[in-house]
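Trainee: Note that the protein sequences, when read in sequence, are chains A and B.
The numbering of the first sequence is the working numbering, which starts it at 30 and goes up by one.
The numbering of the second sequence is the working numbering, which starts it at 7 and goes up by one.
Check the hints yourself; a few may be wrong.
To be verified - Restricting the straight-line Cα-Cα distance to at most 35 Å, the calculated cross-link-like pairs of lysine-lysine (DSBU-like) are:
no. : chain 1 : residue 1 : chain 2 : residue 2
1   : B       : 104       : A       : 300
2   : B       : 56        : A       : 312
3   : B       : 17        : A       : 134
4   : A       : 300       : B       : 220
5   : A       : 189       : B       : 56
6   : B       : 56        : A       : 429
7   : B       : 56        : A       : 53
8   : B       : 17        : A       : 189
9   : B       : 56        : A       : 134
10  : B       : 104       : A       : 312
11  : B       : 104       : A       : 53
FYI, nobody ran anything at the bench for these hints, they're computed from the structure.
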Amino acid sequence: MNASAPIRSADTDLDLWLAQQTGKGLLRFLTCGSVDDGKSTLIGRLLYDSQLILDDQLASLRKESKNRTVGDEGIDFSLLVDGLAAEREQGITIDVAYRFFSTDKRKFIVADTPGHEQYTRNMATGASNADLAIVLIDARKGVLTQTRRHSFILSLIGVKHVVLAVNKIDLVGYDEAVFAGIETEYRAFARDLGFETLAAIPVSALKGDNILAPSAQMPWYTGPQLVPYLETIEVASDRTSQPLRFPVQWVNRPNLDFRGFSGTVASGVVKVGDEVLIAASRKPAVVTRIVTMDGDLEAAIAGQAVTLVLDREVDISRGDVLSHPGQTPEYSNQFQARMVWMSDESAFPGRSYLLKTGSQLVPATITDLKFRTNVNTLEQSPAKTLELNEVGTLTIATDKPIAFDAYASNGLTGAFILIDRISNATLGAGVIDFGLRRAQNLSWQSFDVNRDVRARMKGQKPAIVWFTGLSGSGKSTVANLIEKRLAAEGRHAYILDGDNVRHGLNKDLGFTEDARVENIRRVAEVARLMADAGLIVIVSFISPFRNERRLAREVAGDVTFAEVYVDTPLAVCEARDPKGLYARARRGEIKNFTGIDSPFEAPEHPEIVLHGATETPEQMAERLYSQMFGWGLGYSI
Amino acid sequence: MTDAKSLSHLKALESESIEIFREVAASFERPVMMYSIGKDSSVLLHLARKAFYPSRVPFPILHIDTTWKFREMIAFRDRMARQHDLNLIVHINPDGLKAGINPFDHGSAVHTDVMKTQALRQALNAGRYDAAIGGARRDEEKSRAKERIFSHRNAQHAWDPKNQRPELWRIFNTRLAPGESMRVFPISNWTELDVWTYIYAEGIEIPDLYFARKRPVVERSGTLIMVDDDRFRFEPGETAREEMVRFRTLGCYPLSGGIRSTAADLPSIIMEMQASRTSEREGRLIDSDSVGSMEKKKQEGYF
Numbered sequence: 030m031n032a033s034a035p036i037r038s039a040d041t042d043l044d045l046w047l048a049q050q051t052g053k054g055l056l057r058f059l060t061c062g063s064v065d066d067g068k069s070t071l072i073g074r075l076l077y078d079s080q081l082i083l084d085d086q087l088a089s090l091r092k093e094s095k096n097r098t099v100g101d102e103g104i105d106f107s108l109l110v111d112g113l114a115a116e117r118e119q120g121i122t123i124d125v126a127y128r129f130f131s132t133d134k135r136k137f138i139v140a141d142t143p144g145h146e147q148y149t150r151n152m153a154t155g156a157s158n159a160d161l162a163i164v165l166i167d168a169r170k171g172v173l174t175q176t177r178r179h180s181f182i183l184s185l186i187g188v189k190h191v192v193l194a195v196n197k198i199d200l201v202g203y204d205e206a207v208f209a210g211i212e213t214e215y216r217a218f219a220r221d222l223g224f225e226t227l228a229a230i231p232v233s234a235l236k237g238d239n240i241l242a243p244s245a246q247m248p249w250y251t252g253p254q255l256v257p258y259l260e261t262i263e264v265a266s267d268r269t270s271q272p273l274r275f276p277v278q279w280v281n282r283p284n285l286d287f288r289g290f291s292g293t294v295a296s297g298v299v300k301v302g303d304e305v306l307i308a309a310s311r312k313p314a315v316v317t318r319i320v321t322m323d324g325d326l327e328a329a330i331a332g333q334a335v336t337l338v339l340d341r342e343v344d345i346s347r348g349d350v351l352s353h354p355g356q357t358p359e360y361s362n363q364f365q366a367r368m369v370w371m372s373d374e375s376a377f378p379g380r381s382y383l384l385k386t387g388s389q390l391v392p393a394t395i396t397d398l399k400f401r402t403n404v405n406t407l408e409q410s411p412a413k414t415l416e417l418n419e420v421g422t423l424t425i426a427t428d429k430p431i432a433f434d435a436y437a438s439n440g441l442t443g444a445f446i447l448i449d450r451i452s453n454a455t456l457g458a459g460v461i462d463f464g465l466r467r468a469q470n471l472s473w474q475s476f477d478v479n480r481d482v483r484a485r486m487k488g489q490k491p492a493i494v495w496f497t498g499l500s501g502s503g504k505s506t507v508a509n510l511i512e513k514r515l516a517a518e519g520r521h522a523y524i525l526d527g528d529n530v531r532h533g534l535n536k537d538l539g540f541t542e543d544a545r546v547e548n549i550r551r552v553a554e555v556a557r558l559m560a561d562a563g564l565i566v567i568v569s570f571i572s573p574f575r576n577e578r579r580l581a582r583e584v585a586g587d588v589t590f591a592e593v594y595v596d597t598p599l600a601v602c603e604a605r606d607p608k609g610l611y612a613r614a615r616r617g618e619i620k621n622f623t624g625i626d627s628p629f630e631a632p633e634h635p636e637i638v639l640h641g642a643t644e645t646p647e648q649m650a651e652r653l654y655s656q657m658f659g660w661g662l663g664y665s666i
Numbered sequence: 007m008t009d010a011k012s013l014s015h016l017k018a019l020e021s022e023s024i025e026i027f028r029e030v031a032a033s034f035e036r037p038v039m040m041y042s043i044g045k046d047s048s049v050l051l052h053l054a055r056k057a058f059y060p061s062r063v064p065f066p067i068l069h070i071d072t073t074w075k076f077r078e079m080i081a082f083r084d085r086m087a088r089q090h091d092l093n094l095i096v097h098i099n100p101d102g103l104k105a106g107i108n109p110f111d112h113g114s115a116v117h118t119d120v121m122k123t124q125a126l127r128q129a130l131n132a133g134r135y136d137a138a139i140g141g142a143r144r145d146e147e148k149s150r151a152k153e154r155i156f157s158h159r160n161a162q163h164a165w166d167p168k169n170q171r172p173e174l175w176r177i178f179n180t181r182l183a184p185g186e187s188m189r190v191f192p193i194s195n196w197t198e199l200d201v202w203t204y205i206y207a208e209g210i211e212i213p214d215l216y217f218a219r220k221r222p223v224v225e226r227s228g229t230l231i232m233v234d235d236d237r238f239r240f241e242p243g244e245t246a247r248e249e250m251v252r253f254r255t256l257g258c259y260p261l262s263g264g265i266r267s268t269a270a271d272l273p274s275i276i277m278e279m280q281a282s283r284t285s286e287r288e289g290r291l292i293d294s295d296s297v298g299s300m301e302k303k304k305q306e307g308y309f
């Protein structure tokens, strides 16, 4: 296409053509799919059809194509793109290769990513800089496990536009029903993956059907052809209309008279005269100049590399992020994220890594591995470690606060990598879901009437009595008896019950592990507020995970906290099954049910253990009540 | 630009490259920029100046001289260094010089290995550079297509294609162990056409050798070799004749094949390039030795 562009020697035509070349837009896309779906062949085809294969390359290709599957042109197109010698021997692509072609309308940068199972990390790498993905499917094989895996990773990395290329359609006799079946299945699977556009196109990369022009073999297909579709699809993520983020990359100080801050506008627009805020120090300054070698600018938009000069001496160094006041990034040392693990060495909570986001580099620790997502079924399960090519949801704490955004709202300031502190290998890539401990940005308001005063008015000592145990173990029954007893003696108590809270405060939460963690976190905070108000708080939740119970104890702070373990064997609980939940879980109707397909971590050091199989509820309540005096709960002060 | 919502393709590439340059300056102790005087190096130098303006380029510029470069290249190099206040370092392999290594007696493979590959290694070791910036592009050759922008080299300057660091978003892992180094390629994502259109759009100065002029040449197996100085060895019966030629790649003059051309200015070159049907590296004689030869050279420490 380039080569056939109408170029004449007249300068005006040439200038016009050059203007067109310099003014073209850019589309970065990646191709992914299973082994042998024909990715390399497709890219080779795109290069060939764009007339980018030169004569000398063509000659050597024809030579190398002997004994291989070739199209009418006598060429195995995959030879064009399978770069490394080792790959050529194995016949598979093992790394990300970048290819370039262009048409009259657009320039394209293609990331060719491997389909082999163990190289999921490379796909994530290719996806991280792509606006669009072509998911290839072999028409003879349909939607495979790896198709799902790759689509999930696209979704995780936030690729919003997908083309489903049903390839090798010639090998199924150009059958419409085969194509329609695959499209329907894929659309159903992709429904929850957050793709903004999804186009399905039946193609033969080898023969060229529906690549440039409509295929005579498929009159039943009326949709767009691949290249015209890629030329026109609108993918401009409006980074320019997002809030300003200017990560300072390098302090520009040629002499004592000039001090500028060099960086690339990650999002938004910065103008001369704008007031900007430094994320770390929260100090304001006004932009006085936007410097480039081509002269000063009035404004710089997302993607432009510039140097800002500010109106006052402020302490700014590499890693600082400038934004507009009122639209600042999060600034915290803890956040929740999802990660693709890319190393043979497992990820461990508690281990120290280096974290890099933008130009910020800080020591960081995985504080909690919440669960891993099975990339084939999208099911979530608890995890102690994260292995190569696995995707996990986790919380990370950095040694000092960093500026960031949720990845969903900013693809550049919400992404990070973890680096091994010894080998310096890049271990994993992550996207930030949200910051934790947002409260640290608020100052703590203190009041004169405190917990002691309120408790004294009620003549009691506030406490949190935290029940834990399987569903049907007898927690709520005993809790109810205790509250009645306390009430009869004039104490002010309140039961926070798992089922009840889920009808109100926590009705937005499901039963996945992260939702359960959030469920407990909220209840722990509420219990603490109620204890502050002077109440004896009885919490009756399954609360199956040690970590969350530990968190609840930490949240309670200096409030008396007692963990009551109602230890009733699973068989007994299941036989009782007061709400019929076990039966439903066994039938597979309820997922992540504690004791069935989700673990219960028994407390290691509970204040008291009650035995639901051998004691009656009254006996348990009596034993607990007498213990509570030992904790100093019942005294009138 | 003020009202635009997004950058043009060339402006986007320019910004990306500038960002990479700044990342190098901020992350490494002793960076160096490889300078080969060709068009890609000219673009690289232009981008480096833009990245740090109004500061001067904050690292040295390294030229590996084989003593067989076109004389005009050397004059151009020295003029650029003066004009842009560059810290220019020129290295010639002293062992090769002593041994009198040259392309006529020793052939392209030995000459290139001693005067270029080994010389580069010497210079990098001597300077204890931890980052060497180069002008390689991914569109040049198949094995380059998989090269990282920040490409890790072990203490022997070797490249392990199986153990490359994944490179996501624009977050570059610049960490090194003692003795290790990084090769950095700021114009990885540029194509040859991008380079030419950028030179045109920015008015970047390039050596005159790229433009068709009457030059003294001899023709050897279809390749036009310029007689640049009196060290040239004529075969029996050979004489230089004046022809309108230009060069698509610049290197050692006895190893650089020129093409017959009338393209005497930039637009004509771009037009001619667009119509041509042979790839850029074909003029470089070092690549034609064997399949995958570039890859082998990279593993041995050649760029």
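Trainee: All the hints need checking, so say for each whether the structure fits it.
Mentor: Status of each hint after checking the structure:
{"no.": "1", "hint": "104/B x 300/A", "result": "violated (59 Å)"}
{"no.": "2", "hint": "56/B x 312/A", "result": "holds (29 Å)"}
{"no.": "3", "hint": "17/B x 134/A", "result": "holds (17 Å)"}
{"no.": "4", "hint": "300/A x 220/B", "result": "violated (51 Å)"}
{"no.": "5", "hint": "189/A x 56/B", "result": "holds (33 Å)"}
{"no.": "6", "hint": "56/B x 429/A", "result": "holds (33 Å)"}
{"no.": "7", "hint": "56/B x 53/A", "result": "holds (22 Å)"}
{"no.": "8", "hint": "17/B x 189/A", "result": "holds (24 Å)"}
{"no.": "9", "hint": "56/B x 134/A", "result": "holds (28 Å)"}
{"no.": "10", "hint": "104/B x 312/A", "result": "violated (62 Å)"}
{"no.": "11", "hint": "104/B x 53/A", "result": "violated (52 Å)"}
In terms of the numbered hints stated before, the structure departs from hints 1, 4, 10, 11, listed from lowest to highest.
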